[in-house]
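Chains A and B supply the protein sequences, listed in that same order. Heads up, this note's numbering is the position in the first sequence plus 71, with the first residue counted as 1. Heads up, this note's numbering is the position in the second sequence plus 71, with the first residue counted as 1.
Some hints here could point you the wrong way.
It does not matter which identical chain is meant; a pair holds if it fits inside one copy or across any two.
[Claimed, not checked] Here are the simulated DSSO-like cross-link-like pairs (lysine-lysine), alpha carbons at most 30 angstroms apart as the crow flies:
no., residue 1, residue 2
1, Lys181, Lys122
2, Lys75, Lys101
3, Lys227, Lys75
4, Lys75, Lys181
5, Lys227, Lys240
6, Lys227, Lys181
7, Lys181, Lys251
8, Lys251, Lys227
9, Lys181, Lys101
10, Lys101, Lys227
11, Lys240, Lys181
12, Lys101, Lys251
13, Lys122, Lys251
14, Lys75, Lys123
Note that these hints are calculated values from the structure, not bench results.
Protein chains: 2
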Amino acid sequence: MSIKNLLIEMKNMSELMVDLAYSAVLFNSKDAAEEVITLENEVNSMNYEIKKESLVAARSYEDAEKLTALLEIAEAAESMANAAKDLADLVITGFKPHPVFKMVMEESDKSIVRVTIDESSELANNTLGDLLLVNRTGMRVIAIRRGVSWIYGPDKNTMLLANDVLILKGTYEGAELLEKLASGACSLEDIPEELEEELE
Amino acid sequence: MSIKNLLIEMKNMSELMVDLAYSAVLFNSKDAAEEVITLENEVNSMNYEIKKESLVAARSYEDAEKLTALLEIAEAAESMANAAKDLADLVITGFKPHPVFKMVMEESDKSIVRVTIDESSELANNTLGDLLLVNRTGMRVIAIRRGVSWIYGPDKNTMLLANDVLILKGTYEGAELLEKLASGACSLEDIPEELEEELE
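Chain A extracted, bound-state conformation (with noise of 0.2 angstroms):
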């Protein structure tokens, strides 16, 4: 992977990270969590990588001091990780909110979910352009776990498929409808008149 290509992708795990973890404790999911936990791994294994390429790659002390800019990127996307860590460990392991913080989660109708697209889900083989998740279920997909791979800020032109895990935001009632619907237990026309005239 070029450096252009390595730095875009530290880029995009940081803000992911960042987002998820101040989700998990906002709305207090440990699945946003767990998403946070599998990236700072990713994290990881790229700071290392770039470690090895740079060693490798050095033949001259011109060549040392323009990689140590390298490294040093990485070792600041590493400490972006750690810290994104530390809050999604708060929730994992349940850190016993102030009550404040209790208020915080129940008087918000927002949330942040993760779900899995079935074989049988109506989900995967479609474009998020032709199934308008926002429009119909409130839900916007803000990234897309394909394997060890990750999405970010996907668009209408990008095709959902099975075993894809998705990380939504939206709504409480929302996210119950597209767990339902990743998993297959329904259909886009099952969707309740009334939560698409809410939207509208």
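We have chain A; now place chain B onto it with these hints.
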């Protein structure tokens, strides 16, 4: 400020810092790097306030246990901010980029820019919805600094004021145009037709 709003502010600041810090590196932008430094100071101030408030609020061991989580969250935010600052410092001190870095910056027509709205600028006292900067210049406002406050992810209803500091992402051409629009050196009517057509 309630804990909920405090957490949301920390989340917004962390996300913006990570975006700006990586963008500063990718585009070798001292402007973006300087804004990261400003934000890092604010995170430090916020962390200090949280520590003070938590110490005053704790009346029992039970209280203390619950407020500990808040202190840990603030510590994580500060770690993220420090890592972002490390990236910004690379750009400000001027790192000697490996030839591959140079290619990244030169081949891309993308850029990040910071402008201050002059009293004489047409941008002042208009909403982003009215100005349609994305359509007309290809530049998107990602954040606005107004005095010591930040507006994150502004939308079409956000009104711009004189002395606002805007951070925008887009193309080189668009960035130059925005600097002229912000300083009052040119007006919206002056935008070259070729640029508008290109953006359509």
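These are the hints, each one checked on the structure:
| no. | hint | verdict |
| --- | --- | --- |
| 1 | Lys181 / Lys122 | between (41 angstroms within a copy, 28 angstroms between copies) |
| 2 | Lys75 / Lys101 | between (33 angstroms within a copy, 19 angstroms between copies) |
| 3 | Lys227 / Lys75 | within (25 angstroms within a copy, 32 angstroms between copies) |
| 4 | Lys75 / Lys181 | between (36 angstroms within a copy, 13 angstroms between copies) |
| 5 | Lys227 / Lys240 | both (16 angstroms within a copy, 22 angstroms between copies) |
| 6 | Lys227 / Lys181 | both (23 angstroms within a copy, 22 angstroms between copies) |
| 7 | Lys181 / Lys251 | within (18 angstroms within a copy, 41 angstroms between copies) |
| 8 | Lys251 / Lys227 | within (21 angstroms within a copy, 34 angstroms between copies) |
| 9 | Lys181 / Lys101 | within (15 angstroms within a copy, 37 angstroms between copies) |
| 10 | Lys101 / Lys227 | within (28 angstroms within a copy, 34 angstroms between copies) |
| 11 | Lys240 / Lys181 | both (7 angstroms within a copy, 29 angstroms between copies) |
| 12 | Lys101 / Lys251 | within (19 angstroms within a copy, 48 angstroms between copies) |
| 13 | Lys122 / Lys251 | neither (44 angstroms within a copy, 43 angstroms between copies) |
| 14 | Lys75 / Lys123 | within (17 angstroms within a copy, 43 angstroms between copies) |
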